Amino acid sequence: MNISTLREKDVDELRRLARRLDLLEEDPATMQKQDLVYCILEARAERAAHGETGGGASSSSSEASSTAAAAAAATQRGPASPSASSGDGAAVESDTPPRPDDERDGSERDGSENGRASARRDDAASADGDAAPQTDDAPDDERPDYMAEYDPDETALTGMIEKTGLLEVLPDGYGFLRSPEYNYQNGPDDIYVSPSQIKRFGLEDGDTVRGQVRPPREGQKYFALIQVGAVNGRSPDASDDHLERGDDDDTEEHIPFDELTPVYPDERLRLELDDAPTEYAPRILDLLVPIGKGQRALVVSPPKAGKTVLLQKIARAVATNHPEAHLMMLLVDERPEEAAAMQRQVDGEVIVSTFDEDGERHLDVAETVRRRARRLVEGGQDVVVLLDSITRLARAHNRELESGSGRTLSGGLDAEALKAPRAFFSSARNVDEGGSLTIIATALTDTGSKMDDVIFEEF
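For what it's worth, my numbering labels the leading residue of the sequence shown as 633, then goes sequentially.
Rather than coming from a laboratory, the hints here were simulated on the basis of the structure. Fair warning: this is a prediction, and the values are worked out from it, not measured in the lab. Errors might be hidden in some of the hints.
[What the hints assert, rightly or not] In silico SDA-like pairs for lysine to any residue, Cα to Cα no more than 20 angstroms straight-line:
| id | residue 1 | residue 2 |
| --- | --- | --- |
| 1 | Lys831 | Lys853 |
| 2 | Lys795 | Gly865 |
| 3 | Lys831 | Val845 |
| 4 | Lys831 | Ala862 |
| 5 | Lys795 | Asn818 |
| 6 | Lys1051 | Leu1033 |
| 7 | Lys831 | Val801 |
| 8 | Lys1051 | Ala862 |
| 9 | Lys939 | Gly980 |
| 10 | Lys936 | Pro909 |
| 11 | Lys939 | Glu970 |
| 12 | Lys936 | Ala908 |
| 13 | Lys1051 | Gly1012 |
| 14 | Lys945 | Phe889 |
| 15 | Lys665 | Val643 |
| 16 | Lys853 | Val801 |
| 17 | Lys1082 | Ala862 |
| 18 | Lys831 | Gly805 |
| 19 | Lys939 | Val984 |
| 20 | Lys795 | Phe889 |
| 21 | Lys939 | Tyr896 |
[What the hints assert, rightly or not] Cβ-Cβ distance ranges computed for the label pairs, FRET-style:
| id | residue 1 | residue 2 | range |
| --- | --- | --- | --- |
| 22 | Pro812 | Ala1047 | 33 to 39 angstroms |
| 23 | Asp898 | Asp821 | 38 to 44 angstroms |
| 24 | Ala1055 | Asp898 | 40 to 46 angstroms |
| 25 | Arg915 | Glu1090 | 27 to 33 angstroms |
| 26 | Ile858 | Gln664 | 42 to 48 angstroms |
| 27 | Pro968 | Asp821 | 36 to 42 angstroms |
| 28 | Glu969 | Asp990 | 30 to 36 angstroms |
| 29 | Pro894 | Glu1032 | 28 to 34 angstroms |
| 30 | Asp1078 | Tyr854 | 20 to 26 angstroms |
We put the beta carbon where it would ideally sit given N, CA and C, even for glycine.
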């Protein structure tokens, strides 16, 4: 009979058992349940240690009573010590750790009480007056075989999920990591980022965050970010380490994009492909209109003239000749099959907003790409963005204007409709601190629409 078995009994049963043992000085009727449990255990453990019989209990009643009284007093003061028992021999300490029930009560039991079989035989002998029970040398609360090699100090949590996404900070202070599989827009794979993490690491809109996440708990909808591993490809603690070292090099410091120093392009993007000598278009571009890192360029032509095909060739040339540059292709208001073909052929990021989406979706996707490109340039990286097309982006902004500026240009184009495409196109620059943003966009002409001509002339 162990401590858990005694705790399951009610107070009346414990008092009857205490009177039957006849080992208590104090009247059991005045003792609390916890005191009764500990006194019974101490008395039985003392008898088992001395090898007493059930009939000899009365001859050593004074000795056992003093032990029980000492145990009851120790229960009120604090944890009982194995050396608190009196008699000719001291109680034997157990080498095994206490059971969880003993740990919760903060009491230490001696080793003889851990044997459940011994305790049951002792209880039967005490009740029937038979011979003293045989004690087990090995307690039976040892770990099972499957936990023989378990070491809690060396156990590490494995199988954590690691995800990467683009941060979008909401007005309430928290944010979500958007998945590239959904073009960095709302989706079921979004990962929640707490406001404390955003403040601690100085995260901003457009940051690419990689870290470990946990599944949603009951009542939650999204995965949650629990550990940040990298921000824009760099350690989140890199700036702190840089300040602690006291380095004078300012290249590792985070400088906002608008505070970077723009300079003229000084390095050319080589488009000619050595493995495709029959591709004349990239070679002609190198000869007639060389493009540098940090430059703005427009591909202007009537519809169905091959602007998209030329962008594909430029994308292939950049991916082949400049693997250090981060390539992004943005398709606005395009056909779904054309978007799927572009994703298969372009070795880089392809962000799409097809023509079945509304104008607000076009603007959100374009702004997301712009934020992401700016954050990469802040980290000193060369970025190349291919936009198809800037004309459709301006049309979408013109449709989504809730309250116009009051000034309408030729073709029904509001003056504010060019704000979003101008902000996107003007982000291209080469910076003195390192890094560049190159934007090559297509523009439509000869469509019969005066609006398209105004958009082209604006850029």
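So, going through the hints one by one against the coordinates:
no.	hint	in the structure
1	Lys831 - Lys853	violated (23 angstroms)
2	Lys795 - Gly865	holds (13 angstroms)
3	Lys831 - Val845	holds (18 angstroms)
4	Lys831 - Ala862	holds (15 angstroms)
5	Lys795 - Asn818	holds (16 angstroms)
6	Lys1051 - Leu1033	holds (11 angstroms)
7	Lys831 - Val801	holds (11 angstroms)
8	Lys1051 - Ala862	violated (33 angstroms)
9	Lys939 - Gly980	holds (19 angstroms)
10	Lys936 - Pro909	violated (25 angstroms)
11	Lys939 - Glu970	holds (13 angstroms)
12	Lys936 - Ala908	violated (24 angstroms)
13	Lys1051 - Gly1012	violated (27 angstroms)
14	Lys945 - Phe889	violated (29 angstroms)
15	Lys665 - Val643	holds (6 angstroms)
16	Lys853 - Val801	holds (18 angstroms)
17	Lys1082 - Ala862	violated (48 angstroms)
18	Lys831 - Gly805	holds (9 angstroms)
19	Lys939 - Val984	holds (17 angstroms)
20	Lys795 - Phe889	violated (26 angstroms)
21	Lys939 - Tyr896	violated (26 angstroms)
22	Pro812 - Ala1047: 33 to 39 angstroms	holds (34 angstroms)
23	Asp898 - Asp821: 38 to 44 angstroms	holds (40 angstroms)
24	Ala1055 - Asp898: 40 to 46 angstroms	violated (25 angstroms)
25	Arg915 - Glu1090: 27 to 33 angstroms	holds (31 angstroms)
26	Ile858 - Gln664: 42 to 48 angstroms	holds (45 angstroms)
27	Pro968 - Asp821: 36 to 42 angstroms	violated (21 angstroms)
28	Glu969 - Asp990: 30 to 36 angstroms	violated (20 angstroms)
29	Pro894 - Glu1032: 28 to 34 angstroms	holds (30 angstroms)
30	Asp1078 - Tyr854: 20 to 26 angstroms	violated (48 angstroms)
This entry does not satisfy hints 1, 8, 10, 12, 13, 14, 17, 20, 21, 24, 27, 28 and 30, going by the numbered hints stated previously.
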